[in-house]
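Participant: Here the protein sequences come in this chain order: A and B.
In terms of numbering that gives the first Met the number 0, the first sequence has 87 at position 88, counting the first letter as 1, and numbering is strictly consecutive.
In terms of numbering that gives the first Met the number 0, the second sequence has 5 at position 6, counting the first letter as 1, and numbering is strictly consecutive.
By construction, these hints were calculated from the structure, which means they are not laboratory data.
Hints are supplied without guarantee of correctness; some may be wrong.
Taking lysine to aspartate or glutamate pairs in the EDC-like style, the calculated list, with each CA pair at most 20 angstroms apart, reads [as the list claims (entries may be wrong)]:
no., chain 1, residue 1, chain 2, residue 2
1, A, Lys-102, B, Glu-28
2, B, Lys-44, A, Asp-10
3, A, Lys-102, B, Glu-50
4, B, Lys-44, A, Glu-3
5, B, Lys-44, A, Glu-103
6, A, Lys-92, B, Glu-50
7, B, Lys-6, A, Asp-10
Computed footprint of chain B on chain A, listed as stretches where at least three residues anywhere in the stretch have a Cβ under 8 angstroms from a Cβ of chain B [unchecked claim]:
no., region
8, 32-38
9, 98-105
10, 152-163
Glycine included, each C-beta is placed from N, C-alpha and C at the ideal position.
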Amino acid sequence: MNHELRQPEDDDPVVMTVDERSVWVYLVVVVVTSVAYFAVIIPRVLSQPVEDVSWIAPLLWAIGFSIVGTIVGSIVGSIGGAIGLAIRGIEPKGQLEGDLRDKEIKRLGDRRAAVVASSAMFGVLVLAMFGADLFWIGNLVYLAGVIGGLIETTTKLRAYRGGL
Amino acid sequence: MPPKPTKVTNQIRALRSESGQMTQADMAERLGVTRQTVIAIEQGKYSPSLEMAFEIARLFRRPLDEVFHYAGGGADNQPFS
Numbered sequence: 000m001n002h003e004l005r006q007p008e009d010d011d012p013v014v015m016t017v018d019e020r021s022v023w024v025y026l027v028v029v030v031v032t033s034v035a036y037f038a039v040i041i042p043r044v045l046s047q048p049v050e051d052v053s054w055i056a057p058l059l060w061a062i063g064f065s066i067v068g069t070i071v072g073s074i075v076g077s078i079g080g081a082i083g084l085a086i087r088g089i090e091p092k093g094q095l096e097g098d099l100r101d102k103e104i105k106r107l108g109d110r111r112a113a114v115v116a117s118s119a120m121f122g123v124l125v126l127a128m129f130g131a132d133l134f135w136i137g138n139l140v141y142l143a144g145v146i147g148g149l150i151e152t153t154t155k156l157r158a159y160r161g162g163l
Numbered sequence: 000m001p002p003k004p005t006k007v008t009n010q011i012r013a014l015r016s017e018s019g020q021m022t023q024a025d026m027a028e029r030l031g032v033t034r035q036t037v038i039a040i041e042q043g044k045y046s047p048s049l050e051m052a053f054e055i056a057r058l059f060r061r062p063l064d065e066v067f068h069y070a071g072g073g074a075d076n077q078p079f080s
């Protein structure tokens with residue numbers, strides 16, 4: 000059996016870089032954890048006063064899963080990508096690492112997410128001024144993180160797929 | 000709304016064929032970028048930096064304006080004479 004790996008030809012399928020793969024993982028993780036979090040919290044909000052809602056533990060779980068899920072998913076995705084190439088007989092080295100274009104796409108996505116983060120800070124300030132319950136402040140920050148994550152990832156994927 | 004392609008078009012695909020079947024992977028390796036980036040440049044989905052554009056032109060031993068063409072601009076952008 001021949002184990003020699005070759006460089007890809009022009010008609011070989013294009014694989015995602017590690018950076019693009021990580022963006023997909025992050026998008027899936029943000030959607031799954033935020034849907035799970037709000038599925039737990041919203042029924043509680045509807046059934047009892049906001050001050051009595053237990054939200055800190057679910058929020059910590061959601062954030063924890065987001066971080067761990069993104070890290071593990073990115074690592075698994077990268078290894079899977081390399082194995083997939085090797086199975087097709089293509090040398091993975093040089094196919095998966097990011098370059099200047101990945102950095103530019105990252106900067107674009109981060110900039111859009113920063114706009115959401117700064118808007119949320121203003122919102123937190125207003126809530127604090129009016130003495131809102133900590134539930135609203137904590138959840139506004141989390142919601143801003145979710146929206147920022149969605150905007151960041153969709154911006155990046157749009158740049159990867161459509162153009163920069 | 001789909002993203003707009005860049006206004007910079009290029010002859011890279013044709014030049015690769017002319018230069019003895021240089022593959023996208025070969026070109027990517029010589030430029031120190033990914034094959035994905037070479038494909039994005041060829042398809043007009045990514046405008047390379049000026050530095051990379053010069054490197055690409057040098058790779059094919061052509062002047063920059065034989066490799067890249069700028070489709071943007073109007074009468075206001077005509078050369079000063």
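Participant: Compare the structure with each hint and give your call.
Facilitator: Structure-based check of each hint:
At roughly 18 angstroms between alpha-carbon atoms, Lys-102(A) and Glu-28(B) fall within 20 angstroms of each other, so this suggested pair holds. This hinted pair checks out: Lys-44(B) and Asp-10(A) have alpha carbons roughly 19 angstroms apart, not beyond 20 angstroms. For the proposed pair Lys-102(A) and Glu-50(B), the alpha carbon gap of about 16 angstroms is at most 20 angstroms, so the pair holds. Annotation: proposed proximity of Lys-44(B) to Glu-3(A) is violated, straight-line Cα distance about 33 angstroms (limit 20 angstroms).
Simply put, Lys-44(B) and Glu-103(A) have alpha-carbon atoms about 13 angstroms apart, close enough for the 20 angstroms limit, and the pair holds. A C-alpha spacing of about 24 angstroms is found between Lys-92(A) and Glu-50(B), which places the hinted pair above 20 angstroms, so the restraint is violated. For the suggested pair Lys-6(B) and Asp-10(A), the alpha carbons sit about 26 angstroms apart, so the restraint of at most 20 angstroms is broken. With 0 residues having a Cβ less than 8 angstroms from any Cβ of chain B, the region 32-38 of chain A misses the three-residue criterion, and the hint is violated.
Counting residues of the region 98-105 of chain A whose beta carbon lies closer than 8 angstroms to any beta carbon of chain B gives 4, which meets the minimum of three for the stated coverage. Only residues whose beta carbon comes within less than 8 angstroms of a beta carbon in chain B count, and the region 152-163 of chain A has 5; three or more means the coverage holds.
Of the numbered hints given earlier, the model fails hints 4, 6, 7 and 8; all others are met.
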